[in-house]
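As a plain string of letters, each chain reads:
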Amino acid sequence: MARTLRLITIIAEADVADHLLRDLAALGVRGWNVVPGEGVWRRALEAEGPTDFDGPTVRIETVARAETAEAVMARLAAHWFPRYAVFAWVSDATVLRPGKYA
Amino acid sequence: MARTLRLITIIAEADVADHLLRDLAALGVRGWNVVPGEGVWRRALEAEGPTDFDGPTVRIETVARAETAEAVMARLAAHWFPRYAVFAWVSDATVLRPGKYA
Amino acid sequence: MARTLRLITIIAEADVADHLLRDLAALGVRGWNVVPGEGVWRRALEAEGPTDFDGPTVRIETVARAETAEAVMARLAAHWFPRYAVFAWVSDATVLRPGKYA
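Residue numbers (numbering that gives the first Met the number 0), protein chains in the order written: chain A, 0 to 101; chain B, 0 to 101; chain C, 0 to 101.
Chain A extracted, bound-state conformation:
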């Protein structure tokens, strides 16, 4: 049976990948896929103000219920965006067998 859930996509500097995935797991995220890449974007770090990030990245994606997606985005905004080169977005995803997803 099809059900619409939320797809969370996170692009992060590669160095913080393991730490970030542990944090997601603690918020109830039960699975993900990670793809290496290269990214360029302007970040607004608390300590340094706007600086440009240009380097290796991980692209993390996970499909989750709306509540989990909101918890993840709130955590990213509070803890990750001010300190690291991380950005993220959420979109709709229609899945079969939604029981598989957190």
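Treat each hint with caution, since some may be false.
Said to hold, decoys possible - Just some of the chain C residues that point at chain A, by a computed CB distance under 10 angstroms: (1) VAL33; (2) ALA92; (3) LEU95.
Hints in this document: simulated from the structure, not taken from any laboratory.
Idealized CB from N, CA, C, for every residue including glycine.
With chain A fixed as given, assemble chains B and C onto it according to the hints.
For chains B and C alone, kept in the frame of chain A given last:
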């Protein structure tokens, strides 16, 4: 001219990639992009019950008409989800030149 | 604060990646993530008619305002689609801190 089609994203254990792509082609999928990655998720295999997948993946994506997307999801649910570490979702994608897509 | 923006995804033959990224930057795109992959699809080149592309790709994605996304798609349709193996789609993406995005 812009037209909204369906984006199908499939994450699969890397070992089944070639077999899965041949299956998609048989359903009328005419093109795709494949990206290697690493995934972790819980799968519910017919023969073994719930087990954890943790290993190399392929991320396959293709843009298709709604009918093709439904045929692909039905095939995945019937044949692939019970046997292999595969999950998938569908979302909207607005393309230019829709004539290019199956 | 959450805001819905546009996610642009471009799959292109790997050889044109640098040129394409410079073109995006000239249109006001301020950041992106790039992931290497392998793609297969039918392209309709101006000079040769329909031919099959099968080879290394880059998957470029960027989150942008609607006007920037429209400018990018128009540029792709006018300049890139007729000459190179490039395809692209646009979808909705809800972000936090939209001020980070062009």
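**OP:** For the hint on ALA92 (chain C), just tell me whether its beta-carbon gets within less than 10 angstroms of chain A.
**Re:** holds (4 angstroms)
Subject >> Per-residue hint verdict: LEU95 (chain C), partner chain A, C-beta under 10 angstroms >> reply: Nearest chain A Cβ about 5 angstroms off; hint holds.
Original post:
Given VAL33 (chain C) as an interface hint, is the shortest Cβ-Cβ distance to chain A below 10 angstroms?
Top reply: Cβ of VAL33 (chain C) sits 5 angstroms from chain A, so the hint holds.
In this structure, every one of the numbered hints holds.
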